[in-house]
Amino acid sequence: MKLFFSFFTLLGIIVFTTVVFAADTINLGVAGAHSGDLASYGIPSARAAELVVANINSRGGILGKKVNVWTEDDACKPELATNTATRLISKGVHVVMGHICSGATKAALGIYKDMNIITMSPSATNPDLTQSGDYPNFFRTIASDDAQARLEVDFALNVLKLKRIAVLHDKGDYGKGLAEFARKFIQQSNKAELVLYEGITPGAVDYSAVIRKIKRSKAEAVIFGGYHPEASKLVSGMRKKRMDTLFISDDGVKDDTFIKVAKKYAEGVYATGPKDVSNNPMTIQATVEHKKKYGDDPGAFFLNAYSATLALLNAIEKSKSTNYQDIKKALQTQFVETPLGNIRFDERGDAVGVGFSMYQVKNGTYVEVK
Amino acid sequence: MMFSDTFSDSVLYFIELLLSGLTRGSIYALIALGYTMVYGIIELINFAHGEIYMIGAFTALIISGIMTMYGFAGLSVFFTAMIIAVLYSSAYGYTIEKIAYKPLRNSPRLSPLISAIGMSIFLQNYVMLAQTSDFMPFPTLIPDFECLSLIDYMIGGPELVILITTVIVMAALSILIKYTRIGKAMRATAQDKTMAMLVGIDINRMISITFIIGSALAAIAGVLIASYIGQINFYIGFIAGIKAFTAAVLGGIGSIPGAVFGGLVLGLTESFATGYVSSDYEDVFAFALLVLILIIRPSGLIGRKMTQKV
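Protein chains in written order, with the working numbering: chain A, 1 to 370; chain B, 371 to 680.
To be clear, the hints were calculated from the coordinates, so they are not data collected in a lab. There are no misleading hints in this set.
Listed below are the simulated DMTMM-like cross-link pairs for lysine to aspartate or glutamate, each with C-alpha atoms no more than 20 angstroms apart in a straight line:
{"hint": "1", "chain 1": "A", "residue 1": "K176", "chain 2": "B", "residue 2": "D650"}
{"hint": "2", "chain 1": "A", "residue 1": "K328", "chain 2": "A", "residue 2": "D346"}
{"hint": "3", "chain 1": "A", "residue 1": "K171", "chain 2": "A", "residue 2": "D145"}
{"hint": "4", "chain 1": "A", "residue 1": "K215", "chain 2": "B", "residue 2": "D379"}
Using the sequences plus the hints, can you model the full thing?
Structure representation (structure tokens):
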């Protein structure tokens, strides 16, 4: 049975490859988890690619050629991702939109790099992917994990001009990861002093001891990595102790439950959150297209994948080439209109203009700080 | 040390940490009192105690919500919510004992323990499904008293109320068990159920009363503590319950003053560990202390040495 399938797959590859090269199309590879427990992260991306390509082909394709989509599943597993990459290359893809998970992306990137294939992920947030410099062929339309910490620290140092900052976290993966980045950025900046760095126990009955420690450290602001239940306990506790220490946190706190629970104490709290793109006409259009074709609302990373596909194909069109260097240059220099806004990419591969905004609680709602 | 303080600053900081420790400790103690009382009478670790505490808080939340809607405010809401929460939780405690523990009274000691854990999980999930899994804001039922406005950065109204309630409850329970007729009957039940029955004590009634009092205490703790913290969800009973259980064991499970003492020792340890070392290690210190004390005094800080009944 297995042999039977392999035979057909092989036959398929041969037949299709021949067809592909003969028809001279632009080949877009789409890799990600389309099966397994993380399929819900990958399927929206594949659908996004289908929608974008269908639109482009209905307008006659790019550079006079039709765009072909090749979808391969890696189930978010690094060991499968290398196979996925090899299969896509054997199909002659010019660019790849994927992979979905950071681990799988990392595993596959080396293979694409050797073949000089540009790869753009809609969802891999691991900071190393762009910052290590190991993957010059890598781009992404999602902000990296440290982007929130970066924004929080930059805001505290440059906008609020603070000199003494305390960093707290809830000992969890998410909160502690953010706090570690925040600590690093503060220390690197030399603009402010990190006066306190502590983990608090989530769910504890009260935080008055650590609040007194914050008070003693004379911190002007607390940067907190974690979720809203602890944040609201911390903020209420500080305000009840008549401390006006500023509170800056992340998208785990940028939640209406936080305001509902902390009530008047939530006022003035800063939190970072994804940029609001729901009013962008392209977002609305993409969502409508998805509903029309698949009958439901798009899932995770759909807009990121939609934008990534647009960016890749736009770069090919603008550079009038499928050459690695040409596409890379176009990605870095040409702006492209996407559901995430008007974006281009920096030299490391991160999208400029995609990411987080700072919000502040004003009169009981989060308002974007301009 | 990273902070260069003057001597008076250090003293003030010490006092603040002491107050934090007392607040946290009295929270643990208030929950531990119900735990330890039930254990003292029927030697059952009632794991569902934390859930009764949570149900008490939820009842108070609902009642105060309804009353606020009809325009009531202030202490009347607090007392009504408290009384209804106490009644409701007591009914729960009574029912739980009848359903989950009474049929197992003559089984090996492990069976009621497992039944208690099952009850705890059941109640958590029941509240999660019937109410919500989200955090709910809990109204500040205890006002910040005017007379405290000068020192409320040191200790606020709710903290003080919790501290005082703990002491009152401890005293009242001790008196109840030592000096009243019911207390005498309870102690007799604790010592030997068969003998107690033979001298005409209705042990079923005694055990029910024990559970009703224990649950009432849990409800009082639930309302006061939720009002101090300001948020509740279905899971608060579990976390608070674990710490309260630790406090009860630390002080000597079964001993009423032991629960309060254990709670305060635990709270102070955590507070000073946070203040002078790091809050990363507060649990490490708390449980290291527990291990240490149980090695030196296996029956807890002021627990009686119990002779094993064979």
